[in-house]
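Dock chain U with the ligands against chain V, hints included.
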Amino acid sequence: MSSSSQVAESWISSFCGLLGHEYFAEVSEDFIEDDFNLTGLQSQVPMYKEALEMILDVEPEDDEDEEDEEEEDEDDDEVLGDEKPVGAAGSYRRAGDRRHLRMASDLSVIESSAELLYGLIHQRYITSRPGIQQMAEKYELQHFGTCPRVFCNSCKVLPVGCNDTPGQETVKLFCPSCLDVYTPPNSRFQAVDGAFFGTTFGCLFFMTFPELEIGAPRTTSVGGADALLAIQAAENKSRSSSATNSTVVPAAQPSLINGVAPSNLAPGLGPGNVYEPRIYGFRVSERARSGPRMKWLRMRPIDVNELDEARRYWEERGCGGAGLGDEDTNMLDVAGAAADANKLGVAVDRRKKAVGRRRRTNGSGNGGGSPMDTNGIGGAG
Amino acid sequence: MDDFNSETDSDYTSYWRDWFISSRGNEYFCEIDEEYLTDRFNLTGLNTEVQYYQYALDLVTDVFDLDCDDEMREQIEKSARHLYGLVHARYIVTTRGLAKMLEKFKKGDFGKCPRVMCEAQPLLPMGQSDVANTSPVKLYCARCEDLYNPKSSRHASIDGAYFGTSFHNILFQVYPAMLPPKTQKRYEPRIFGFRVHAAAALCRWQAEQREQMKERLRQARIETGFEEEDEEIESEDDIDDDMDAGGDGFEHGAIVQQ
Ligand SMILES: [Zn+2]
Ligand SMILES: [Zn+2]
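Residue numbers (the working numbering), protein chains in the order written: chain V, 1 to 381; chain U, 1 to 258.
The shape of chain V in the complex, shown without the other chains (with noise of 0.2 Å):
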């Protein structure tokens, strides 16, 4: 079989370079042609293997001799089949004029099942080594834009979506320094399918890349607006937490907070980064009815150990008294050393635990995206 990919440009090329697709990775060819990563999707699209060949740019074959290979004959058999027995040749002739007009019409078909294979191994391939890698390559290019949201100072964002199957969602943009996703900037983004880039991707390249610096670090902004926001910050500060010094963090910060670098851990979040309204310089109250009802979903606590669930736990429960007990420090051992492995291989090993423990918990395995295909990532791992 020919591939006419010498000359012209190739599919995926061509489709990553369209209007609006600027968010996708390049799939490799290698990816594509390695069946278990394709697993389950045949049944998903329409003219799938039609699909799968125009991505490939394998030339389909040609319609002037007929179905000579047996692959070929499954699928032809079912539309040609009533044809055949007729051996004239004026209906052999008509057969073939049909053939060509189907052709035409069910090229458009092709395309379009050819860009939602495309799209449904993009998602997988995206969480795969190799995809995650290039779409890092192109997060630190800021092929994907920064974040709208004043406090996060242009921090990048990352596309993903909120559903995993296709014709949900459009795709959206995660921010890692809010933590909360939003609608593209232009519109020839709302054409594009949410369920190409998934529910997975957003989280698992972070954790893929923890030593990426979430936010540009605030020294380098200029202007009297940051004045303004650190004179804020100071406020709040001095507000929220009267009684500590309001330039020195309460307690001892851990170097990792839940498996992350406290200062990578929604860095655009917190005293400073909460908006607070007033009216002539004066606060708007709480109680007043306009007044701020929403301040807790950009709130981070000073003292990220507030963070540390585990320890809150027997704190409350009155062991903190005889210190951290030895189930805490060992989570915190095994956070540390998680975190410093940063390798998909050990995202995946705890992912089936968490797996199985939510199976043990309750049987019905009905969390978005089936998490048993695992995709592109049981391959990388």
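Treat each hint with caution, since some may be false.
No more than 27 Å apart at the CA atoms, straight line, and that leaves these computed lysine-lysine pairs for DSS-like [said to hold, decoys possible]: (1) K295/V x K106/U; (2) K295/V x K112/U; (3) K151/U x K112/U; (4) K185/U x K106/U; (5) K295/V x K214/U; (6) K78/U x K295/V; (7) K112/U x K100/U; (8) K100/U x K138/V; (9) K106/U x K78/U; (10) K107/U x K185/U; (11) K185/U x K112/U; (12) K100/U x K151/U; (13) K104/U x K78/U; (14) K78/U x K100/U; (15) K185/U x K295/V; (16) K214/U x K185/U; (17) K78/U x K151/U.
Which bits of chain V does chain U cover? Going by a derived footprint, with three or more residues having C-beta under 8 Å, they are [said to hold, decoys possible]: (18) 108-114; (19) 128-137; (20) 140-151.
Examples of chain U residues toward chain V, derived with CB under 8 Å [unchecked claim]: (21) G25; (22) P114; (23) R115; (24) C144; (25) Y148; (26) T165; (27) P176; (28) K182; (29) R186; (30) P189; (31) R190; (32) A198; (33) A199; (34) A201; (35) W205; (36) Q206.
In short, the hints are calculated from the structure, not lab data.
All C-beta atoms, glycine included, are put in the ideal place defined by N, C-alpha and C.
For chain U with the ligands alone, coordinates are given in the frame of chain V:
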């Protein structure tokens, strides 16, 4: 537009202001009444803020008739825009100004909140400072109570002081019916269907803060303003499906939950 109207026309021949508010990039501005502009009281203090103040004011009110070179004209034009902006900040907190901005808000002239959970809530322009040349205009969402950067660079270069720090908050005090219901719905980072522990722990901590606030409001007998007051049960099934980034699925979720 008629060519030559006498300057003191009473029926709103606002040539310059018409041009200004309909120019590309000036979509956030509303038209300031002639009446307001010609009342010197409303302009108190602005003469020191604006170069060529009197010429600029003449231009804005369509009574400019100075013969000058292009460069000078350009300077005055710039001053006129600045003056308009500064007066605008004052005008939009007046009854008439608020009403005009409310109409623009309802039409979505200031854009929609980009946050997915805010479901295209219309935004209001605001400044982070009332002092000119401090920071560009931002957009306020009354649903998530947060600030966003305008999408277009045309808007991103407008001075925030032309809208000020109070206007958007005053608007909702004056028109409380315009306050959108708040939502507790939020994005939950997941991996293969499982919550990510670090993010989930933070979400739970935030939820605690929210519940404390609601309790404070309840004790003061003030409405909380949330649309889904009864939906708290919803969070109960998530207790043990955290996907830990570290740690080993410690069964502590239940304790922190309520
Ligand atoms: Zn953000
Ligand atoms: Zn919002």
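When the least beta-carbon distance from A199/U to chain V is tested against 8 Å, hint result: At about 5 Å, which falls below the 8 Å cut-off, the nearest Cβ of chain V leaves the hint on A199/U intact, so it holds.
Proposed proximity, K100/U with K78/U (alpha carbon, max 27 Å): Roughly 25 Å separates the two Cα atoms, so the pair holds.
Chain V contact restraint for R115/U - C-beta distance below 8 Å: 6 Å, holds
Status of the R190/U interface restraint (C-beta, 8 Å, chain V): 5 Å, holds
Interface hint compliance - P189/U to chain V, C-beta minimum distance less than 8 Å: At about 4 Å, which falls below the 8 Å cut-off, the nearest Cβ of chain V leaves the hint on P189/U intact, so it holds.
When the least beta-carbon distance from A201/U to chain V is tested against 8 Å, hint result: 5 Å, holds
Minimum beta-carbon distance criterion (8 Å), W205/U to chain V: 6 Å, holds
Holds or violated: K295/V to K106/U, with C-alpha atoms at most 27 Å apart: Satisfied, since the Cα-Cα distance of roughly 25 Å is no more than 27 Å.
Hinted pair K151/U and K112/U, Cα distance within 27 Å: 10 Å, holds
Hinted contact P114/U with chain V - closest CB pair below 8 Å: 4 Å, holds
Distance restraint between K185/U and K295/V, which requires alpha-carbon spacing of 27 Å or less: Measuring from Cα to Cα gives roughly 14 Å; hence the hint holds.
Cβ contact check, 8 Å cutoff: the region 128-137 of chain V against chain U, three residues minimum: Our answer is that it is violated, as 0 residues pass the Cβ test (under 8 Å) against chain U, missing three.
Hints 6, 8, 9, 18, 19, 21, counting from the list given before, are not met by this structure.
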